Every structure is written in structure tokens, then in C-alpha cells.
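Quick mapping for you: the protein sequence lines, in order, are chains A and B.
If you read the first sequence in the UniProt record's numbering, its first letter stands for residue 1, the second for the next number, and so on.
If you read the second sequence in the UniProt record's numbering, its first letter stands for residue 1, the second for the next number, and so on.
No lab work stands behind these hints, which were simulated from the structure alone.
Only a predicted model underlies this, so the values are computations on that prediction, with no experimental measurement involved.
Please note that a few of the clues may not be correct.
Stated by the list, open to error - Anything over 10 Å on all C-beta distances counts as not near chain A; from chain B, calculated:
#1 42
#2 50
#3 66
#4 70
#5 85
#6 87
#7 151
#8 154
#9 163
#10 194
To be verified - Below, simulated DMTMM-like cross-link-like pairs (lysine to aspartate or glutamate); rule was C-alpha separation at most 25 Å, straight line:
#11 B/148 <-> A/38
#12 B/148 <-> A/47
#13 A/148 <-> B/184
#14 B/57 <-> B/47
#15 A/148 <-> B/47
What the hints assert, rightly or not - Quick look at which bits of chain B chain A covers, simulated, 3 or more residues with Cβ under 8 Å:
#16 124-136
#17 139-149
#18 165-174
#19 182-188
Quick reminder that beta carbons are idealized off the backbone N, C-alpha and C, glycines included.
Number of protein chains: 2
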Amino acid sequence: MDRAVQRGRVAGVVGGLTKKGAATRERIVAGAASLLRERGVDEVSLDDIRGATATSKSQLFHYFPDGRAQLLLAVAQYEAQEVLLDQQPQLDALGPPGSWAAWRDVVVDRYERQGTRCPMSALTRRLAPSHPEVGPVVAILLTTWQQKIEDGLRRAGVGEPRTKAMIILAALQGGVALLLATGDSTALRVALDQALDGLI
Amino acid sequence: MDRAVQRGRVAGVVGGLTKKGAATRERIVAGAASLLRERGVDEVSLDDIRGATATSKSQLFHYFPDGRAQLLLAVAQYEAQEVLLDQQPQLDALGPPGSWAAWRDVVVDRYERQGTRCPMSALTRRLAPSHPEVGPVVAILLTTWQQKIEDGLRRAGVGEPRTKAMIILAALQGGVALLLATGDSTALRVALDQALDGLI
Numbered sequence: 001m002d003r004a005v006q007r008g009r010v011a012g013v014v015g016g017l018t019k020k021g022a023a024t025r026e027r028i029v030a031g032a033a034s035l036l037r038e039r040g041v042d043e044v045s046l047d048d049i050r051g052a053t054a055t056s057k058s059q060l061f062h063y064f065p066d067g068r069a070q071l072l073l074a075v076a077q078y079e080a081q082e083v084l085l086d087q088q089p090q091l092d093a094l095g096p097p098g099s100w101a102a103w104r105d106v107v108v109d110r111y112e113r114q115g116t117r118c119p120m121s122a123l124t125r126r127l128a129p130s131h132p133e134v135g136p137v138v139a140i141l142l143t144t145w146q147q148k149i150e151d152g153l154r155r156a157g158v159g160e161p162r163t164k165a166m167i168i169l170a171a172l173q174g175g176v177a178l179l180l181a182t183g184d185s186t187a188l189r190v191a192l193d194q195a196l197d198g199l200i
Numbered sequence: 001m002d003r004a005v006q007r008g009r010v011a012g013v014v015g016g017l018t019k020k021g022a023a024t025r026e027r028i029v030a031g032a033a034s035l036l037r038e039r040g041v042d043e044v045s046l047d048d049i050r051g052a053t054a055t056s057k058s059q060l061f062h063y064f065p066d067g068r069a070q071l072l073l074a075v076a077q078y079e080a081q082e083v084l085l086d087q088q089p090q091l092d093a094l095g096p097p098g099s100w101a102a103w104r105d106v107v108v109d110r111y112e113r114q115g116t117r118c119p120m121s122a123l124t125r126r127l128a129p130s131h132p133e134v135g136p137v138v139a140i141l142l143t144t145w146q147q148k149i150e151d152g153l154r155r156a157g158v159g160e161p162r163t164k165a166m167i168i169l170a171a172l173q174g175g176v177a178l179l180l181a182t183g184d185s186t187a188l189r190v191a192l193d194q195a196l197d198g199l200i
């Protein structure tokens, strides 16, 4: 399945827009996300985003009438979806033998390539002080992530799948926090392997 | 030992100040930290801090010539020390039977009381986009924390103490990240207990 189509299914929230309108909005958000990843949140103006996405001022206002913060929040939602999509199809395939090691490899590789620059973390840092709406975006991402791990554990017939899913996600989150702070992925590797003990 | 004395020993970095000067600076930073905890980083002005700490404009300028961001960075350093001091004396006593459960209880209690408001995280969120100096403050906190856990594991005679310390700190950090995002401490409890398996 095409990633844009997957993303539409994941999101399913662009209410009140025509199909063409939703596609235009998606194009602006994806372009903005790409620019923010390259340059950092504070180095990108609305004019830069207009330029990079070939969007007019009135178009941008049409989709984001509340301005820059509203667009940044849409980018945060987009990046939250990317976090999960980057783990696919391995995340949804968790369960059988071999599936856990395959997912672990994809996760470690993603965060090692990303290094100390996490778009999701940069956006929430920037938005959180003034825009509490970003809180639920992070909470929904974590809840969805945990549920998908739990579903895999159920398919694998593991006991206490809810608790075990929390342990795995906490190890992953903590490992990523240490990677972001220190640039070293060793903690992510060893913590995730420890949490997946018995599965890989 | 008095906490202010402990903090002075932990810090030991207020170069070029007399003993009285260091005490005044410490009083301003502690007062600012307390005000920021109460109201949130964005709701506190330099004038508020002057008022709460009975400091004159020229005094504040003397200790923090670069202004608000410099003072916020000093508060971040202060809060980083608080994170470790809040785990004492249990953190430095890690090793013997019973010490791991005692430390776990202190850590879980601290983060449950704190809930979804983490002063350290709020400050680094606020400062990180424009003040990269906050990065090393977080990195040093995490490295010191991990080293103290590793020292405890060595005293307990545990194999691979460095790897095991990473696993424990990652579980703790990930559990706290999930608590901050969702308000639920279950992940912190189960992840930390799992990482401490065999020690408690």
C-alpha cells in the first residue's frame, strides 16, 4: 500500500475537506515537515513553506487560518504517523518467531539513522509550552504504539501482554531518550533486547 | 548533610565567586526554580524572580549578565542536581539486599508526586531550540545517574554492570516519558521492576 494512502487511513481526520482539498493540505504538511527536518523548527518561516510547497498565501490561510502554530501542530501529527509507518510492515506483523527480531532491527536502524535530531521531539518541545494540543498527539502515538505491541504479544500467546507491552515500549522510549541526549545507541539496543527476552 | 551543602559539592562550578557571592547566586537560582515550578516557565518574568528573591536589578545583572536565558540555564542545572538529590541517600547506597527496592520506591514516589509536570523537561523544552548549552546539562545528568547505578551493581557483584545500568536507566527514563505523556505511572512501575529483576 502506498504510504500516502496508509497515512490517510491512519489519520482519517481531515474533516470537511474535499478529496482534492485533503490532498493539497497533505502536500503542504508533508513539504513543511521535510523543510523542518532539514533546517530545524525555528529556522523555517511560513514564507519558506509557501515557497517549498508552491502554495499561495490565501491557500495557506484557507487550510491553516490560525497560522504557524496550527501548521506546526499538523506537522507534529504527520510526524507521529511517520513514527509508526517507519516501523511497518514489521510492527503490524509482530507475533510469529522471527517477527520480533525483524521489528527490533527496523526500530534500532530508524533511530540510529535519526541520531540526536528527532523531528517529533523538536516539534513537541517547541509547541508544548504554548500549545497544550500537542500533548494528546504524543499520548495517542504512545497508546497506539503500545496497543500494536500488545496485539503482537497476544498473537504470540505471551502471558500478561498488556504489562509486557508497557515494558517493551518503556525500554524503547528510554533507549531513544538516552540516544537523543548522548548520541549513543547502545542503551537502546541493550534495553530493547532485554525487554524482548524470550521473544528473540 | 544539608542539601544546600550537598548541592555545592555536586556543583562546585560557580567559578570566580566569593563564598557570599556563591550563596547569593544559589539563593536567586533556588527562588527562581521554585517560582518556575509553581507557575510554569513561560509565566515567570525576571521582575517576578527579583520580587520573589528580594534581589535588585543590578544584583541580578551581576550574576546573570546575559539575562533570562542564562538564569533559566542555571535553573536547569539546579533542577538536574535536584533529580539526583531526590534519590539520595538511596542512590548512593545501592548494592546490598533491600537497597534496590528502597531506591525503586523513592524513584517511583518522586515521579508519581511530580505527575505530568516535570520542571527539568519543561526547562529543556523551553531552552533547547535556542540554547544548545542545555544539551550537556541533560547528558551529564544521565551519565552521572547511570554511573551511580553501575557503582551499585558493582557493589552487588552483578555481571556486566555497565550494560545492566543502561537497561535500568532506560527502563526508568522510558517509564517517566510514558508517565509524563499519559499521566499513568504503571509503565514506570512495571518497567523498572522488570529491569531490576533478580535484584529486588
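Which of the stated hints cannot be reconciled with the structure, identified by number in ascending sequence? 1, 9, 10, 11, 12 and 15
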